[in-house]
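Undergrad: Sequence:
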Amino acid sequence: MIFITAKFPIKPEHADDWPELSRAFTEATRAEDGCLWFEWSRSLEDPNEYVLVEAFRDGDAGGAHVGSDHFRAAQAELPQYLARTPDIVSTEVDQDGWNELGEMKVG
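Residue numbering for the sequence shown follows numbering that gives the first Met the number 0, beginning at 0 and increasing consecutively.
Accuracy of the hints is not assured; some may be wrong.
[As the list claims (entries may be wrong)] With a cut-off of at most 25 Å between alpha-carbon atoms, the simulated DMTMM-like pairs for lysine to aspartate or glutamate come out as follows:
id : residue 1 : residue 2
1  : K10       : E38
2  : K6        : E19
3  : K104      : D59
4  : K10       : D86
5  : K10       : E26
6  : K10       : E44
7  : K10       : E76
8  : K104      : D32
9  : K104      : E76
10 : K6        : D93
11 : K6        : E26
12 : K6        : D45
13 : K104      : D15
14 : K10       : D95
[To be verified] Simulated DEER-style distance windows between Cβ atoms:
id : residue 1 : residue 2 : range
15 : E102      : R56       : 22 to 32 Å
16 : G101      : P46       : 13 to 23 Å
17 : D68       : V105      : 34 to 44 Å
18 : E44       : S89       : 19 to 29 Å
19 : D15       : E99       : 28 to 38 Å
20 : V105      : E76       : 37 to 47 Å
21 : K104      : A23       : 17 to 27 Å
If you're looking for bench data, these hints aren't it; they were derived computationally from the structure. Quantities reported herein were computed from a predicted structural model and do not represent experimental measurements. Here a beta-carbon is modelled for each residue, glycine too, at the ideal position from N, C-alpha and C.
Work out the full structure, taking the sequences as your base and the hints as a guide.
TA: Here it is as structure tokens:
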């Protein structure tokens, strides 16, 4: 699977509105056949930063995502709310979902 984590630095005046501003993009991405998950979290250290954790079934699914109409719409619409270009880590991993964190196993 393709596993991606990205940090989105939002302009302070738009930080509280980010979930709504990105809602159409989020919902359309989650509806993609190859999307395994697409989850936003707000940073505890910086309230103007949102962290996106996403995964796609494979490279073809990731390519379909980047080539989608809703991705292009997000590219045109969302940067105006950003303080700077987001940071990203993207890698291919040999699994198809989450694994249990054995070091924190609950009895």
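Undergrad: All hints, please: hold or fail.
TA: Verification of the hints:
no., hint, result
1, K10 with E38, "holds, 20 Å"
2, K6 with E19, "holds, 17 Å"
3, K104 with D59, "violated, 34 Å"
4, K10 with D86, "holds, 15 Å"
5, K10 with E26, "holds, 22 Å"
6, K10 with E44, "holds, 15 Å"
7, K10 with E76, "holds, 14 Å"
8, K104 with D32, "violated, 32 Å"
9, K104 with E76, "violated, 42 Å"
10, K6 with D93, "holds, 23 Å"
11, K6 with E26, "holds, 19 Å"
12, K6 with D45, "holds, 11 Å"
13, K104 with D15, "violated, 34 Å"
14, K10 with D95, "violated, 34 Å"
15, E102 with R56: 22 to 32 Å, "holds, 27 Å"
16, G101 with P46: 13 to 23 Å, "violated, 33 Å"
17, D68 with V105: 34 to 44 Å, "holds, 42 Å"
18, E44 with S89: 19 to 29 Å, "holds, 22 Å"
19, D15 with E99: 28 to 38 Å, "holds, 34 Å"
20, V105 with E76: 37 to 47 Å, "holds, 41 Å"
21, K104 with A23: 17 to 27 Å, "violated, 39 Å"
Hint compliance for this structure: hints 3, 8, 9, 13, 14, 16, 21 are broken, all remaining hints hold.
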